[in-house]
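Asker: Kindly produce the complete structure, drawing on both the sequences and the hints.
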Amino acid sequence: MKTDILEIARVQVLDEGRGLDAAQALECLTLPDERLPDLLALAHEVRMKWCGPEVEVEGIVSLKTGGCPEDCHFCSQSGQFSSPVRAAWLDIPSLVRAAVETAATGATEFCIVAAVRGPDRRLMDQVREGVKAIRDAVDINVACSLGMLTQAQVDELAGMGVHRYNHNLETARSHFSHVVTTHTWEERWDTCLMIREAGMELCCGGIVGMGETLEQRAEFAAQLGELEPDEVPLNFLNPRPGTPFADQPLVGGAEALKTIGTFRLALPRTILRYAGGRELTLGDLGTRDGMLGGVNAVIVGNYLTTLGRAPERDLELLADLKMPIKALSQTL
Numbered sequence: 001m002k003t004d005i006l007e008i009a010r011v012q013v014l015d016e017g018r019g020l021d022a023a024q025a026l027e028c029l030t031l032p033d034e035r036l037p038d039l040l041a042l043a044h045e046v047r048m049k050w051c052g053p054e055v056e057v058e059g060i061v062s063l064k065t066g067g068c069p070e071d072c073h074f075c076s077q078s079g080q081f082s083s084p085v086r087a088a089w090l091d092i093p094s095l096v097r098a099a100v101e102t103a104a105t106g107a108t109e110f111c112i113v114a115a116v117r118g119p120d121r122r123l124m125d126q127v128r129e130g131v132k133a134i135r136d137a138v139d140i141n142v143a144c145s146l147g148m149l150t151q152a153q154v155d156e157l158a159g160m161g162v163h164r165y166n167h168n169l170e171t172a173r174s175h176f177s178h179v180v181t182t183h184t185w186e187e188r189w190d191t192c193l194m195i196r197e198a199g200m201e202l203c204c205g206g207i208v209g210m211g212e213t214l215e216q217r218a219e220f221a222a223q224l225g226e227l228e229p230d231e232v233p234l235n236f237l238n239p240r241p242g243t244p245f246a247d248q249p250l251v252g253g254a255e256a257l258k259t260i261g262t263f264r265l266a267l268p269r270t271i272l273r274y275a276g277g278r279e280l281t282l283g284d285l286g287t288r289d290g291m292l293g294g295v296n297a298v299i300v301g302n303y304l305t306t307l308g309r310a311p312e313r314d315l316e317l318l319a320d321l322k323m324p325i326k327a328l329s330q331t332l
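In terms of the UniProt record's numbering, the sequence shown opens at residue 1 and continues consecutively.
Possibly wrong hints are sitting among the right ones.
What the hints assert, rightly or not - Just the calculated beta-carbon pair ranges, DEER-fashion: (1) K322 / T213: 33 to 39 Å; (2) R35 / L321: 18 to 24 Å; (3) E7 / A137: 47 to 53 Å; (4) R35 / K132: 49 to 55 Å; (5) K2 / D120: 53 to 59 Å; (6) R128 / E197: 17 to 23 Å; (7) S94 / K2: 54 to 60 Å; (8) L321 / D155: 37 to 43 Å; (9) E45 / G252: 22 to 28 Å; (10) K49 / K132: 24 to 30 Å.
Unchecked claim - In silico DSS-like cross-links for lysine-lysine, where the CA-CA straight-line distance does not exceed 25 Å: (11) K322 / K132; (12) K322 / K49; (13) K132 / K326.
It is worth saying that the hints were derived from the structure and are not from the lab.
All values reported here derive from a predicted model rather than from experimental measurement.
For each residue, glycine too, the CB sits at the ideal point set by N, CA and C.
Answerer: Below, the structure is given as structure tokens:
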């Protein structure tokens, strides 16, 4: 008789701290809905044992919005699609103001994002100015998400004191060409490796619900496990008008929660962050279930081109669940 996957995971992941492989992840993703509470309960145990009760809170803001030359099919910031987002730059005082407002929520992380293939000299200079201005104004870790990097750019960002760099793989290697055609999965992977080797924390996740099969979703979880990022932001597709994925259906609530639980079991020691799309896919009750099913970080406020929940609602939920907000580390 075949051993139950959750019994296997209890020993392998909870007791030993070894994440699920792709085949095991697929077994979790295909569990019947009546097993969902068991999956989430185990995922929560894993999170508490290997990560603790603290929740990391982060805010994000776009320094450069829209006009990106890449054709990521989910993204309304691509200049190749007829989406309503148009190119715009944020000035440094506005960037600092956003960082101060983010810190006031109790967040320890503030991420500067730019819609580019990779940064040019102008953008790198603006980021340098922005990081210094933020650090002069408020005590918060500064992260960046600026696309694909060269080694020289990686070294420059590390020298600025950038704490964490976000560069998502977006989806499984086998599905990537159905999502992006203007660059490769391997190019993204190489940037991630350079970030890790430079000593910055690596934030790397993706989007669920872009037409991938459950087998590819399991593949993606295992590939992230191999990369071992410090943080995995888990987005659920919010189909944007004018993009090739505008008509993709939303991921169902039970399916989304199975994905959360499975990713926690594949990544027992990783910060697993609620990111875009959770408001549509999960709503308030599902968001609570996910926090009790492996999630231990949230982005508060709005996302880059879509609306999120009011920060107060997320902070109230954390207080209700008695999950303390992670304090800013003084050793970084």
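Asker: Now look at each hint and say whether the structure bears it out.
Answerer: Hints, one by one, checked against the model:
1. Checked against the hint of 33 to 39 Å, the C-beta distance between K322 and T213 comes to roughly 38 Å, which is consistent with it.
2. A beta carbon spacing of about 23 Å between R35 and L321 agrees with the range 18 to 24 Å that was offered as a hint.
3. A hinted range of 47 to 53 Å for the beta carbons of E7 and A137 is consistent with their spacing of about 52 Å.
4. As the Cβ distance of R35 to K132 is approximately 51 Å, the hint placing it in 49 to 55 Å holds.
5. Distance hint check: the CB atoms of K2 and D120 are about 54 Å apart, consistent with the given range 53 to 59 Å.
6. About 21 Å separates the C-beta atoms of R128 and E197, a value consistent with the hinted range of 17 to 23 Å.
7. Take S94 and K2: their Cβ atoms lie about 57 Å apart, and the range 54 to 60 Å holds.
8. Range check, L321 to D155: Cβ separation about 40 Å, and the 37 to 43 Å hint holds.
9. For E45 paired with G252, a C-beta distance near 25 Å keeps the hint of 22 to 28 Å intact.
10. For the hinted restraint 24 to 30 Å between K49 and K132, the CB-CB distance of approximately 39 Å leaves it violated.
11. For the proposed pair K322 and K132, the alpha carbon gap of about 35 Å is over 25 Å, so the pair is violated.
12. Annotation: proposed proximity of K322 to K49 holds, straight-line Cα distance about 16 Å (limit 25 Å).
13. Proposed proximity of K132 and K326 is supported: the alpha carbons are some 23 Å apart, at most 25 Å.
Going through the hint list in order, the structure does not satisfy hints 10, 11.
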